[in-house]
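Those sequence lines, one after another, are chains A and B.
Sequential numbering from 1 applies to the first sequence in my numbering.
Sequential numbering from 225 applies to the second sequence in my numbering.
Please note that the accuracy of each hint is not assured.
[Claimed, not checked] For the chain A half of the interface with chain B, some residues (derived, Cβ under 7 Å), not all of them:
(1) N28
(2) L131
(3) K133
(4) P135
(5) M137
(6) W139
(7) N140
(8) G153
(9) N156
(10) E159
(11) V163
(12) A185
(13) R205
(14) G207
(15) I209
What the hints contain is simulated information worked out from the structure, not anything from laboratory work.
Note that this is a predicted model, so its numbers are computed, not measured.
For glycine and all other residues, C-beta sits at the position ideal for the given N, C-alpha and C.
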Amino acid sequence: MPEFERLRWWDTLREHVVIAIVDYRAGNLTSVRLALEHLGLPARVTHEPGEIAAAERVIFPGVGAAGSAMNNLAELGLTDVLRDVVERGTPFLGICLGAQVIFEHSEEDGGVDCLSIVPGKVRKFTPSDPLCKIPHMGWNTIDLRGTHPLFEGIENESEFYFVHSYYPAPSDPSYILAETEYAGARFASVLAKDNLAATQFHPERSGRIGLRLLENFSTWDGSC
Amino acid sequence: MAAKISIMPCLDMQNGRVVKGVHFVDIRDAGDPVECARAYCAAGADELALLDITATVEGRATMLDVVRRTADAVSVPFTVGGGIIDVAAAEAVLNAGADKVSVSSAAFRNPDMIRDMVDAFGAEAVTVAIDVDRNSELPSGYEVYIDGGRTATGADAVEWAKRVDGFGVGCILPTSKAGDGAKTGYDLPVIRAMATAVNAAVVASGGAGRLEHFYEAVEAGATILLAASVFHFNIVGIPELKRYLKERGVDVR
Numbered sequence: 001m002p003e004f005e006r007l008r009w010w011d012t013l014r015e016h017v018v019i020a021i022v023d024y025r026a027g028n029l030t031s032v033r034l035a036l037e038h039l040g041l042p043a044r045v046t047h048e049p050g051e052i053a054a055a056e057r058v059i060f061p062g063v064g065a066a067g068s069a070m071n072n073l074a075e076l077g078l079t080d081v082l083r084d085v086v087e088r089g090t091p092f093l094g095i096c097l098g099a100q101v102i103f104e105h106s107e108e109d110g111g112v113d114c115l116s117i118v119p120g121k122v123r124k125f126t127p128s129d130p131l132c133k134i135p136h137m138g139w140n141t142i143d144l145r146g147t148h149p150l151f152e153g154i155e156n157e158s159e160f161y162f163v164h165s166y167y168p169a170p171s172d173p174s175y176i177l178a179e180t181e182y183a184g185a186r187f188a189s190v191l192a193k194d195n196l197a198a199t200q201f202h203p204e205r206s207g208r209i210g211l212r213l214l215e216n217f218s219t220w221d222g223s224c
Numbered sequence: 225m226a227a228k229i230s231i232m233p234c235l236d237m238q239n240g241r242v243v244k245g246v247h248f249v250d251i252r253d254a255g256d257p258v259e260c261a262r263a264y265c266a267a268g269a270d271e272l273a274l275l276d277i278t279a280t281v282e283g284r285a286t287m288l289d290v291v292r293r294t295a296d297a298v299s300v301p302f303t304v305g306g307g308i309i310d311v312a313a314a315e316a317v318l319n320a321g322a323d324k325v326s327v328s329s330a331a332f333r334n335p336d337m338i339r340d341m342v343d344a345f346g347a348e349a350v351t352v353a354i355d356v357d358r359n360s361e362l363p364s365g366y367e368v369y370i371d372g373g374r375t376a377t378g379a380d381a382v383e384w385a386k387r388v389d390g391f392g393v394g395c396i397l398p399t400s401k402a403g404d405g406a407k408t409g410y411d412l413p414v415i416r417a418m419a420t421a422v423n424a425a426v427v428a429s430g431g432a433g434r435l436e437h438f439y440e441a442v443e444a445g446a447t448i449l450l451a452a453s454v455f456h457f458n459i460v461g462i463p464e465l466k467r468y469l470k471e472r473g474v475d476v477r
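Looking at chain A on its own, in the form it has when it is part of the complex (with noise of 0.2 Å):
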């Protein structure tokens, strides 16, 4: 095959992949595929380094503990490939605890390092009210520290589902977009920075104005 049908091959092929979500065994990936598809908007959950590489927008998902997320990461491959996504100015959304396995480190599991693309850590919620259980789950407010894209009509003070017991902490505040307060801490629910964004929410459980989240998300250049 000559050199620039190849190449032209190639480029159809990436026109596939116009949404990575990232499949590493951390959960059900499903609501966020549906989700998606409700939209219109074509994804592929894959575990493939290529195909998360070659994407137009990578979506990195998962629920459960941050332990077995990393090994499960180191397993497939997949370390690297998230940092150089999010290096090469992809448009990426972390979602959950793809929005803290993206920290230097979690205090979950005794202690695990993470991918290190964002500065800081994550920590562990200790409250004294106990009104406010553990994990923080149901719907909560968040508190837009500025504009962007991915809160284009979209209010301030909007409500979204969350479920966690760890939260983002990171050591440079200009990563922290939108902050939610919870038993006692008041944590950054929306970090991002350039190409990078991540929700401590849910976006594809959390009614229309989640689904308005991720429709930005799939006309977002990546620039802020």
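With chain A held as given, fit chain B onto it using these hints.
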């Protein structure tokens, strides 16, 4: 600050259709589950519950299809219960797109199943439903029933809730046999006792008939308010309920 109180309409399902049992026996047909789910979301439901009361194997396959179609139609978390006899059945329901599974009789008979599910799917994905009825001979005054409320176990309901909580489940859902479908109010003492005894979120279930009943359940310590008939037959509307709770200082979406 705590999370917001969630309103959770429940669709009781049989053979792929929505029904509502009153006192666990009398059943009325009330429509297509996916349409109901969509309507509830539009009305402001924070979560949904689908409870399958079908007993047959064919019914199970139908239910998985309903779960798939519901997952496609809604964008709020939903819990599926009924007929989840083992970890594999729970996995099938979660893979079909449910966010949480609710187990009851099978978990009572085989408590290890609860730990296995928490390990496999995470605490937040696991709800344990406990059917209860009053029994003054037990320390808490409540006894655990299984098999859809037909079999008394002799076990103390609050003790069982504590044991379940020890496995680290996300939610515990006590349903009072006397109150279910009767619209005379949630069984508040059992909600209060469980909410004090466990770390898991307590879901109030069974008996809601008026706005006040929901407020009482919040005061008793429930953080998720489940109801079927009142929503189904539009005796209480979700927007109206949220306004009412907000006026009383309850934090709702």
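A quick look at each hint next to the structure:
With a cut of 7 Å, the hint placing A:N28 at the interface with chain B holds, because the nearest CB-to-CB distance is about 5 Å. Look at A:L131: its Cβ gets to within about 5 Å of chain B, closer than 7 Å, so that hint holds up. Because the beta carbon of A:K133 sits about 6 Å from the nearest beta carbon in chain B, less than 7 Å, this interface hint is met. Evaluation of the A:P135 hint against chain B yields a held restraint, the C-beta minimum of about 5 Å falling below 7 Å.
Checking A:M137 against chain B by beta carbon gives a least distance of about 5 Å; that is within 7 Å, so the hint holds. With 7 Å as the threshold, the beta carbon of A:W139 comes within range of chain B, its nearest partner Cβ sitting at about 4 Å, so the hint holds. The closest approach between the C-beta of A:N140 and any C-beta of chain B is roughly 5 Å, which is under the 7 Å cut-off, so the hint is satisfied. The criterion of a C-beta within 7 Å of any C-beta in chain B is not met by A:G153, whose closest approach is roughly 16 Å, and the hint is violated.
Look at A:N156: its Cβ only gets to about 15 Å from chain B, farther than 7 Å, so that hint breaks. Look at A:E159: its Cβ gets to within about 5 Å of chain B, closer than 7 Å, so that hint holds up. Given the 7 Å rule on beta carbons, the hint for A:V163 holds: about 4 Å separates it from the nearest Cβ of chain B. For A:A185, the interface hint is violated, since its Cβ never comes within 7 Å of a Cβ in chain B; the closest pair sits about 10 Å apart.
Satisfaction of the interface hint for A:R205 is found here, the shortest Cβ-Cβ separation to chain B being roughly 5 Å, below the 7 Å cut-off. Taken as an interface hint, A:G207 checks out: its beta carbon lies about 5 Å from the nearest beta carbon of chain B, inside 7 Å. A least Cβ separation of about 9 Å between A:I209 and chain B goes past the 7 Å threshold, and the interface hint is therefore violated.
Comparing the model with each earlier hint shows violations of hints 8, 9, 12, 15; every other hint is respected.
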